[in-house]
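Engineer: Spelled out, the chains give:
There are 2 protein chains.
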Amino acid sequence: MAEIRMMQRILASNDALAEKQLSLLNRHRVLSINIMSGPGAGKTSLVERTVQALKDRYRLWVIEGDIQGDLDARRVVAQGAGCTQLNTQGACHLDGMMLEPVFARLELEGLDLLIIENVGNLVCPAEFRLPAHYNVTLISTPEGSDKPVKYPLMFSKSDVIIINKIDLLPHVDFSIEQFSRAVRRLKPRVPIIQLSCRTGAGLREWFDWLEGALKRFHRKTARKRE
Amino acid sequence: MAEIRMMQRILASNDALAEKQLSLLNRHRVLSINIMSGPGAGKTSLVERTVQALKDRYRLWVIEGDIQGDLDARRVVAQGAGCTQLNTQGACHLDGMMLEPVFARLELEGLDLLIIENVGNLVCPAEFRLPAHYNVTLISTPEGSDKPVKYPLMFSKSDVIIINKIDLLPHVDFSIEQFSRAVRRLKPRVPIIQLSCRTGAGLREWFDWLEGALKRFHRKTARKRE
Numbered sequence: 000m001a002e003i004r005m006m007q008r009i010l011a012s013n014d015a016l017a018e019k020q021l022s023l024l025n026r027h028r029v030l031s032i033n034i035m036s037g038p039g040a041g042k043t044s045l046v047e048r049t050v051q052a053l054k055d056r057y058r059l060w061v062i063e064g065d066i067q068g069d070l071d072a073r074r075v076v077a078q079g080a081g082c083t084q085l086n087t088q089g090a091c092h093l094d095g096m097m098l099e100p101v102f103a104r105l106e107l108e109g110l111d112l113l114i115i116e117n118v119g120n121l122v123c124p125a126e127f128r129l130p131a132h133y134n135v136t137l138i139s140t141p142e143g144s145d146k147p148v149k150y151p152l153m154f155s156k157s158d159v160i161i162i163n164k165i166d167l168l169p170h171v172d173f174s175i176e177q178f179s180r181a182v183r184r185l186k187p188r189v190p191i192i193q194l195s196c197r198t199g200a201g202l203r204e205w206f207d208w209l210e211g212a213l214k215r216f217h218r219k220t221a222r223k224r225e
Numbered sequence: 000m001a002e003i004r005m006m007q008r009i010l011a012s013n014d015a016l017a018e019k020q021l022s023l024l025n026r027h028r029v030l031s032i033n034i035m036s037g038p039g040a041g042k043t044s045l046v047e048r049t050v051q052a053l054k055d056r057y058r059l060w061v062i063e064g065d066i067q068g069d070l071d072a073r074r075v076v077a078q079g080a081g082c083t084q085l086n087t088q089g090a091c092h093l094d095g096m097m098l099e100p101v102f103a104r105l106e107l108e109g110l111d112l113l114i115i116e117n118v119g120n121l122v123c124p125a126e127f128r129l130p131a132h133y134n135v136t137l138i139s140t141p142e143g144s145d146k147p148v149k150y151p152l153m154f155s156k157s158d159v160i161i162i163n164k165i166d167l168l169p170h171v172d173f174s175i176e177q178f179s180r181a182v183r184r185l186k187p188r189v190p191i192i193q194l195s196c197r198t199g200a201g202l203r204e205w206f207d208w209l210e211g212a213l214k215r216f217h218r219k220t221a222r223k224r225e
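Protein chains in written order, with numbering that gives the first Met the number 0: chain A, 0 to 225; chain B, 0 to 225.
Keep in mind the hints are simulated off the structure, nothing from the lab. Check before you lean on any hint, since a few could be wrong.
Note: identical chains are not told apart, hence a pair may lie in one copy or across any two.
Said to hold, decoys possible - Here are the simulated SDA-like cross-link-like pairs (lysine to any residue), alpha carbons at most 20 Å apart as the crow flies: (1) 186 to 67; (2) 186 to 68; (3) 54 to 217; (4) 156 to 67; (5) 54 to 213; (6) 156 to 89; (7) 19 to 110; (8) 156 to 88; (9) 156 to 68; (10) 214 to 28; (11) 223 to 213; (12) 186 to 89; (13) 156 to 17.
This one's a predicted model, so the numbers in the text were calculated from it and none came from an experiment.
For reference, chain A alone in the conformation it holds in the complex:
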């Protein structure tokens, strides 16, 4: 019981921290998204593509969460975005405590969009709220259509779901219909976007969704200022 109470306390203090960090983002009118997936589903590829597409019209910053190393940050910087590599030193998820030193140094003034790439893990990141307006969950077709049934929390916490690697559909056993049905059982109206970061197919729909979110957010925060 002590263990469970301790876990509840950790989660509650993390929620409070995320709330505080989110207020800071709102004050500076920075939209934030938290991208989650299992290892190798294509989070960094999606970030690279997003930076390429939006960097001329929006000011972006990326936080790369990894257990160790800076492979992903290098990839993002090569696309022309600012990036902070956050190493969790073994931990299986990002949380508010880890983000505090990053937020302390981040130049939020003038920023439009913050992209947080979580640690590759379909379980734990869903338990720790981050300062994000939207949770984005990525699944790749080789992982199989049964993932929402087996990892329900991640999908329940998502505001948009991306099916990546649709170029591999002819070579793997993945049913878009079966997957979407399982997702909709957990979250009836969540948008599901099909794309391939490799070929570029479907990316337009993702960019449109993200730009729509940016515009809605800017309208909302502008009204609040008046």
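Chain A is already provided as a structure; the job is to place chain B on it using the hints.
Structural biologist: Below, chain B alone, put in the same frame as chain A:
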């Protein structure tokens, strides 16, 4: 600091439990393997193939670790093996405490091989020792060759590494050479087996490795009995 000490205590008591469970397996001369991977890399497909190939010559039991549901246990039972579905109810890994009630009911007498399929996660399962003689880590080619660099603990703790979905090699960016080099930097002499559970290619090498392990184990435990 309190949090870290608590974690150390949890891991230490888990180690002791795993040790106790392993002694029980040794006494009954049951070889045990712990299969780990990220979600959708093909653990259950490997178990299905292994059951098909060995069930006529060895007596097998499978423990299926999943957050929820019994999809995987159904697949294994359909291949003709006995199976216990273990639901972690949200937890991201299996540990000794969760295995205790399973071990209490398991008929070990006459069993040759216990296969434990861990929760799909490349991070946390590596931290919790299980009653297993060998840790087997699976990676699938669509996940990318950088995984040992990004999830080093999992690969360091592995006694054999399997590259699954080699049938997808023409369609994905995966370098066997780059992957193997990264693995060998963590664990110089670990066997790396390439296969496809889908097409069956390379499976012979895995069965040979496993039968070799079974034979060595039986020779060793027979000597101890004399």
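Engineer: Each hint needs a verdict: does it hold in this structure or not?
Structural biologist: Structure-based check of each hint:
1. Taking CA atoms no more than 20 Å apart as the test, residue 186 paired with residue 67 passes between copies only; the shortest distance there is 17 Å, against 33 Å inside one copy.
2. Taking identical chains as interchangeable, the C-alpha atoms of residue 186 and residue 68 lie at most 20 Å apart only when they sit on different chains, with a minimum of 18 Å there against 35 Å within one chain.
3. Taking identical chains as interchangeable, the C-alpha atoms of residue 54 and residue 217 lie at most 20 Å apart only when both belong to the same chain, with a minimum of 17 Å there against 62 Å between chains.
4. For a Cα distance limit of 20 Å, the shortest separation of residue 156 from residue 67 across copies, 17 Å, qualifies, whereas the shortest one inside one copy, 26 Å, does not.
5. Proximity of residue 54 to residue 213 under the C-alpha cut-off of 20 Å is restricted to the intra-copy arrangement: shortest distance 13 Å within a copy versus 57 Å between copies.
6. In this homomeric assembly, residue 156 and residue 89 come within 20 Å of each other (Cα to Cα) only across copies, at 14 Å, whereas the closest approach inside a single copy is 24 Å.
7. When the C-alpha separation of residue 19 and residue 110 is checked against a cutoff of 20 Å, the pair qualifies only within one copy, where the shortest distance is 18 Å, while the shortest distance between copies is 56 Å.
8. In this homomeric assembly, residue 156 and residue 88 come within 20 Å of each other (Cα to Cα) only across copies, at 16 Å, whereas the closest approach inside a single copy is 25 Å.
9. For a Cα distance limit of 20 Å, the shortest separation of residue 156 from residue 68 across copies, 19 Å, qualifies, whereas the shortest one inside one copy, 28 Å, does not.
10. In this homomeric assembly, residue 214 and residue 28 come within 20 Å of each other (Cα to Cα) only inside a single copy, at 11 Å, whereas the closest approach across copies is 65 Å.
11. In this assembly of identical chains, the alpha carbons of residue 223 and residue 213 lie at most 20 Å apart only when taken from the same copy (15 Å versus 69 Å across copies).
12. For the identical chains of this complex, residue 186 and residue 89 are inter-copy neighbours only, at 18 Å across copies versus 31 Å inside a copy, given an alpha-carbon limit of 20 Å.
13. Within a single copy, residue 156 and residue 17 get their C-alpha atoms as close as 15 Å, which meets the 20 Å cut-off; across copies the closest is 34 Å, which misses it.
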